[in-house]
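K.L.:
Single-letter residue listing:
2 protein chains.
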Amino acid sequence: MARTASLSGFPEWLPQERLVELHVLDTLRKTFELHGFSSIETRAVETVGQLLRKGEIDKEVYGLSRLQDDEGEAAKSDKADPNALALHFDLTVPFARYVVENAGYLAFPFRRYQIQKVWRGERPQEGRAREFTQADIDIVGDGELPFRYDVEIALVIAEALRALPIPDFRLRINNRKLAEGFYRGIGLTDTAGVLRSIDKLEKIGAAKVAELLKSELGATDEQAGLALELATIRTEDTSFVDQVRALGVKDDLLDEGLNELEQVIQAAVQRAPGKVVADLSIARGLDYYTGTVVETVLVGHEQLGSICSGGRYDALASKGNRRFPGVGLSIGVTRLVSRILSQELVKASRSVPTAVLVALNSDDSWSAAQDIAAQLRGRGIATEVAAKAEKFGKQIKFADRRGIPFVWFTDDDGKHQVKDIRSGEQIDADPASWTPDEEDLYVRITTAG
Amino acid sequence: MARTASLSGFPEWLPQERLVELHVLDTLRKTFELHGFSSIETRAVETVGQLLRKGEIDKEVYGLSRLQDDEGEAAKSDKADPNALALHFDLTVPFARYVVENAGYLAFPFRRYQIQKVWRGERPQEGRAREFTQADIDIVGDGELPFRYDVEIALVIAEALRALPIPDFRLRINNRKLAEGFYRGIGLTDTAGVLRSIDKLEKIGAAKVAELLKSELGATDEQAGLALELATIRTEDTSFVDQVRALGVKDDLLDEGLNELEQVIQAAVQRAPGKVVADLSIARGLDYYTGTVVETVLVGHEQLGSICSGGRYDALASKGNRRFPGVGLSIGVTRLVSRILSQELVKASRSVPTAVLVALNSDDSWSAAQDIAAQLRGRGIATEVAAKAEKFGKQIKFADRRGIPFVWFTDDDGKHQVKDIRSGEQIDADPASWTPDEEDLYVRITTAG
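Those protein sequences? They're chains W and C, same order as listed.
Heads up: the first sequence begins at 0 in numbering that gives the first Met the number 0, then just goes up one per residue.
Heads up: the second sequence begins at 0 in numbering that gives the first Met the number 0, then just goes up one per residue.
There could be a bad hint or two in this list.
As the list makes no split between identical chains, a pair holds if one copy fits it or if it spans any two.
In silico DSS-like pairs for lysine-lysine, Cα to Cα no more than 30 Å straight-line [as the list claims (entries may be wrong)]:
| # | residue 1 | residue 2 |
| --- | --- | --- |
| 1 | Lys213 | Lys249 |
| 2 | Lys346 | Lys207 |
| 3 | Lys116 | Lys346 |
| 4 | Lys116 | Lys393 |
| 5 | Lys387 | Lys318 |
| 6 | Lys390 | Lys346 |
| 7 | Lys393 | Lys199 |
| 8 | Lys116 | Lys58 |
None of these hints come from the bench; they were simulated from the model.
Values in this document were obtained by computation on a predicted structure and should not be read as measured data.
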């Protein structure tokens, strides 16, 4: 697993690694569909105008241009041209555009999952690729979206993550209303500025954040101290409410945020015990969130960064006077799978889908062997047929090299036998009825013991 | 289905349309895995040098450049710079690169399927998008690859297409050795030039192709006549062999090609009757094929163009002296799905994955409703919970609007009932055991009657 990508930041998996990724994707899809989320995909490409709609973004965007441009234009992408094309850097901005464009065809609240690649031209490092797969779920309402969906979506994600072969995890949840109301309540009116500073807490530490708050936002020692004290609150139950109250700040928005976060944590304590914490340091940088905000760490792998983030956004999508508030979370599939693979946290029961190789008795028996294979496939048994009637020993070696557990033999009298090449056991078998053990039928991905 | 993409050439499906696409993708994956093909994905991006490695290509390529380039370089992609990045235009060229890079980790003959988006900056038209999904299968050998895999791969594709909800189809198969040997045998040595001209047959007609052969390749009337006569041969069985022999041309390569094509057609007559024809007009343009070549049409939709193409390539991938010959076919998923949708060839049994909406008796019953939902999901029944305890009529209307067939009610005494809102039938039900009919459990995609 120590292979490095031939193009830095663009990881590619070997077939046996891809089996792990497929297992993760299939598991997510199954969980999302069981909760009534519809699949959609959006095009990989947005206009630069759409991507930069929310003003300055901190993502590095890849622009597109046609190499063979027959209009004789210079082959370039132009940041200044809002109609130029660029690759999307997340799935939320394209989804918001999709909802607005297709509002007349969607039934709201619209629940969708979306599993696609996204691209960011950032400097590649552990856990950060230039091309990576995200798996998003969002629920979007028409005009309004009950807060209960914030609770639901956190529970769905906790369930999805629990179904994956990954280490223990924690959803760290905060609420923008709580934070912004608190800052307002202590007299810091540039709440976005405070959030931006608090967001740097893990990176630069409390002392430097306090300096920033004082130098850039004009905070007093006391204000900076209170803002930092809020960010230290972290509880596994709803006791954060009392801890915030004890700081003595009064504000309506703060009350609203406290109430919302309390609902999320209360439900999580009951339905996803031990998986969720209220963490009042979570800020989510420059993004478009307006209420609930979430980050997720793998326990023991905290330095990997968040493997699932998102939150509530009330103003991302609108069409004239019509607003489409939403709440969503995004799993960093590539980041997760990279870690699973590099730490060898799982193993696959075999490296190919094939369960059976039908050996050839003679070169003329290929068509008869295909008939046997078709019967096996009809029962869901993945089967290959040998291409050449080499000596049986060679055909067995071929299966072994490909990782195929069973070899099927048919002699000139039409007698069938199947050999488990791991144990060497060879038994009579009928192509119309023989089936391998359940555990050998499909590739199984299990947590490494 | 008359919606047009908001960005020309970049189609996006509505959730109910995506269900059709998912069904197609799932069916292909299942067939491919049953035949022992492993999944891989390659990065969306190749270097320009890699993409143009085979010299001039007729595909329009999208170059990439970072909009926020911090080295102060001009934000442009440069055709002249072989290290510049560009989006792949097919999956065969990236696959060849992947095989060479990972040869030490793969077991040959390596069988893989690959389902991904590709991009071409061509003028969009019916059946031709700028972003589209391809589903490829290839088998690649190390040094040599028995011809039998050419036969097998055609049969796998025929089986995969037969499993799809699409109109009848025909694989039209030819062989480059046959054609090139024939041209050589009649004294036309620029065989690639002849192929390029013959490739235009459907577009410009026989008279103009004859003119091209004479003016550009110096063919005599007789040579042009014979080359065109070869291209008229089309048989559903192996009788093409006698028809070619009757033209009286002798050449070793021709013999080899005739023998190969005969093997493919013979196996297809037996194992995929009526689905395959020998069509000696098939040329496959500028591509890298060296033997078997395949195009596929939907019967009655011939003007849509080929929905599945490919063939044998002996020289696409090499590493020093080591060669990796391959054979592969590529299904144009987006082209197929566009046609299925625009002609309404299939229908989905419902528009969302959800089978059951658990209604709320009161706002406090949300958590209890989640317990019921969890029980149903545990048996694979996709379930949503209402967000608000509105009047039951409103909750039923909500389910109806979303396309959910069943609504679950629990009264204050804990008595459960489930209503099929299509028939109005309402019955007592136990959350621990109730299951909808098989046909209501999942969304089913069926051919429109």
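K.L.:
Against each hint, give a clear statement of whether it holds in the structure.
P.N.:
Structure-based check of each hint:
Taking the shortest alpha-carbon separations for Lys213 and Lys249, only the intra-copy value of 22 Å comes in at or below 30 Å, while the best inter-copy value is 91 Å. For a Cα distance limit of 30 Å, the shortest separation of Lys346 from Lys207 qualifies neither inside one copy, at 44 Å, nor across copies, at 61 Å. In this homomeric assembly, Lys116 and Lys346 come within 30 Å of each other (Cα to Cα) both inside a single copy, at 25 Å, and across copies, at 29 Å. Taking the shortest alpha-carbon separations for Lys116 and Lys393, neither the intra-copy value of 41 Å nor the inter-copy value of 39 Å comes in at or below 30 Å.
Taking the shortest Cα distances, Lys387 and Lys318 sit within 30 Å of each other only across copies (25 Å), while inside one copy they are farther apart (63 Å). Taking CA atoms no more than 30 Å apart as the test, Lys390 paired with Lys346 passes in neither setting, with 32 Å inside one copy and 50 Å between copies. Proximity of Lys393 and Lys199 under a CA criterion of 30 Å is satisfied in neither setting, with 61 Å inside one chain copy and 47 Å between copies. For the homomeric pair Lys116 and Lys58, the shortest alpha-carbon distances inside one copy (15 Å) and between copies (23 Å) are both at most 30 Å.
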